[in-house]
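So the protein sequences, as listed, match chains X and W. Numbering-wise, the first sequence is residues 1 to 191 according to this note's numbering. Numbering-wise, the second sequence is residues 1 to 270 according to this note's numbering.
Treat the hints with care, as some may be off.
With a straight-line cut-off of 20 Å between C-alpha atoms, the simulated SDA-like cross-links for lysine to any residue are [unchecked claim]:
1) X:Lys62 - W:Leu66
2) X:Lys25 - W:Arg149
3) X:Lys25 - X:Asp14
4) X:Lys178 - W:Thr56
5) X:Lys25 - W:Arg65
6) W:Lys213 - W:Leu235
7) X:Lys134 - W:Gly200
8) X:Lys178 - W:Gln58
9) X:Lys178 - X:Gly162
10) X:Lys62 - X:Leu133
11) X:Lys178 - X:Glu130
12) W:Lys213 - W:Pro260
13) X:Lys178 - W:Pro168
14) X:Lys25 - W:Arg61
15) X:Lys62 - W:Pro168
16) X:Lys25 - W:Arg73
17) X:Lys134 - W:Leu66
18) W:Lys213 - W:Pro168
19) X:Lys25 - W:Glu5
20) X:Lys178 - W:Arg149
21) W:Lys201 - W:Leu218
22) X:Lys62 - W:Arg61
23) W:Lys213 - W:Val199
24) X:Lys62 - X:Gln123
25) X:Lys134 - X:Leu159
26) X:Lys62 - W:Leu147
27) X:Lys25 - W:Ser69
28) X:Lys25 - W:Thr56
29) X:Lys62 - W:Thr56
30) X:Lys25 - W:Lys213
31) X:Lys178 - W:Arg73
32) X:Lys25 - W:Glu255
33) X:Lys25 - W:Gly222
34) W:Lys213 - W:Leu147
These are calculated hints, taken from the structure and not from any lab test. Computed from a predicted model, the values in this text were never measured in an experiment.
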Amino acid sequence: MRSPNPEPPSDLLDRVIRRDSSGLKAIYDRCAGRALALALRILRTRSEAEEVVQETFLEVWKRAHEYNPRRGGIDVWVLTIARSRAIDRLRAEGAAARFKAIATVADSGPELSLVPRDPAEQQQDRARVESALKQLPPEQRQVVEMAYYEGLSQREIALRTGDPLGTVKTRVRLGMEKLSRLLRDEGVPPS
Amino acid sequence: MTCAEFQELAWAYALDALEPQERAAAERHLSSEGPHQGCESALDEAYRTAAALSATVQPTRPDRRLWQSIERRLQPAQRGARSNRQWPAWAIAAAALLLCSVAILRGLALRESLAKANRQLAQAGNVQSELKRCADELNAMRQSSDLQRSALALLELPTTRLVPLGPPAQAAAASRGSALLNLDQRMAMVLVSALEPQVGKDYELWLIRGNAKIAAGLLRPGAGGRAIAQVDPRLLTPGQPDAIAVTLEPAGGGEQPRGPIVLVGTVSKT
């Protein structure tokens, strides 16, 4: 279970829509760790990642009524916002220059403190997604990861890898199609 | 773009890996009247798949102060309603400055407002109104974030041209603006600031070609007089406009300009 007494996500959002900050805090407690980790993976600096998390939850606060459950659970929505804001920031600063500068920096700095242990369900989800990714052909996995975690466009990926743009586009499409099938087979829930 | 073509792009769309023009084309298709053959559901699946990738990230424990920072940035009115505590002026000033400090990260435009806020804080000491103004401005920025992203993407295109918009020579208004114009992609966006909202009037955008003045929509300034608008691509089909202008019109605007020009910029022939 994700928590001992999980409140239905729709109730949390209702509270946010009613301008009850305790609803936002509950969503924050549930998602902030992953939102921060995702922003950190994309941006590589803790201060920027924390700013992205702030922006993310302020956006949840203002746009709670726009949540679309067809595109996944609240966690998915929050993480999608966090990733978008991180990528906005990355692109605004010039992705190419930035990645040259940080190419030798490790994924996470020594100041990071990891949550000691994830809830079991999160660990299972992670294992399933990683398993699905490993089943992709390496060239498809590479482009999917570059697009998702580095915020690179298909054209930028082609420039980075030296592959023709058409090849990159095909790999992204085939990789995502296969990943979608594999995740369904693995039973990864939408949130 | 056909539905099948859109569905091929949907995966990259959900990953935000399309080039701006591809993304714009995809969005045009998605917003076009149907019938669509599974476009929405294809996009939903693509979003869910992309989002599942976030599960591979090992959660990082946020600093306790992070939530406190977020809580401070929630609507001040809500906090005020819950507490009768009178905040000291220095605390309000600090919060106003914090809000402005965060807002500045959103871009150069807000940097101007911070400087203005600081000047006004120093001069008038009216921290409460400044706090509200900053919060309103931040809200307006968030609401227009999609358009801002489109503008940023447009600006990144090497063939996009920047057309500065300013008041006519005889006017002394503080309003300023820019038009981003990309005829290759048939895209144009207009960003303005310091437009004073006027009761019973609207600001209207015009594309000017020769003697023809083509109405291109209303600009509704938010707090800070900031507005951002995307020009209907169909208005760019005839080619490059000679000039772009903003006028102040009776509410609702019209097909021909009647009011004074507030901003204008000439599009060079290159």
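Cross-check of the supplied hints:
no. : hint                : verdict
1   : X:Lys62 - W:Leu66   : holds (18 Å)
2   : X:Lys25 - W:Arg149  : violated (27 Å)
3   : X:Lys25 - X:Asp14   : holds (13 Å)
4   : X:Lys178 - W:Thr56  : holds (17 Å)
5   : X:Lys25 - W:Arg65   : holds (13 Å)
6   : W:Lys213 - W:Leu235 : holds (11 Å)
7   : X:Lys134 - W:Gly200 : violated (61 Å)
8   : X:Lys178 - W:Gln58  : violated (23 Å)
9   : X:Lys178 - X:Gly162 : violated (23 Å)
10  : X:Lys62 - X:Leu133  : violated (34 Å)
11  : X:Lys178 - X:Glu130 : holds (13 Å)
12  : W:Lys213 - W:Pro260 : holds (14 Å)
13  : X:Lys178 - W:Pro168 : violated (58 Å)
14  : X:Lys25 - W:Arg61   : holds (15 Å)
15  : X:Lys62 - W:Pro168  : violated (38 Å)
16  : X:Lys25 - W:Arg73   : holds (13 Å)
17  : X:Lys134 - W:Leu66  : violated (34 Å)
18  : W:Lys213 - W:Pro168 : holds (17 Å)
19  : X:Lys25 - W:Glu5    : violated (41 Å)
20  : X:Lys178 - W:Arg149 : violated (30 Å)
21  : W:Lys201 - W:Leu218 : holds (10 Å)
22  : X:Lys62 - W:Arg61   : violated (24 Å)
23  : W:Lys213 - W:Val199 : violated (24 Å)
24  : X:Lys62 - X:Gln123  : violated (30 Å)
25  : X:Lys134 - X:Leu159 : violated (24 Å)
26  : X:Lys62 - W:Leu147  : holds (16 Å)
27  : X:Lys25 - W:Ser69   : holds (12 Å)
28  : X:Lys25 - W:Thr56   : violated (24 Å)
29  : X:Lys62 - W:Thr56   : violated (28 Å)
30  : X:Lys25 - W:Lys213  : violated (51 Å)
31  : X:Lys178 - W:Arg73  : violated (41 Å)
32  : X:Lys25 - W:Glu255  : violated (49 Å)
33  : X:Lys25 - W:Gly222  : violated (29 Å)
34  : W:Lys213 - W:Leu147 : violated (25 Å)
The structure fails to meet hints 2, 7, 8, 9, 10, 13, 15, 17, 19, 20, 22, 23, 24, 25, 28, 29, 30, 31, 32, 33, 34 from the earlier list, while all remaining hints are met.
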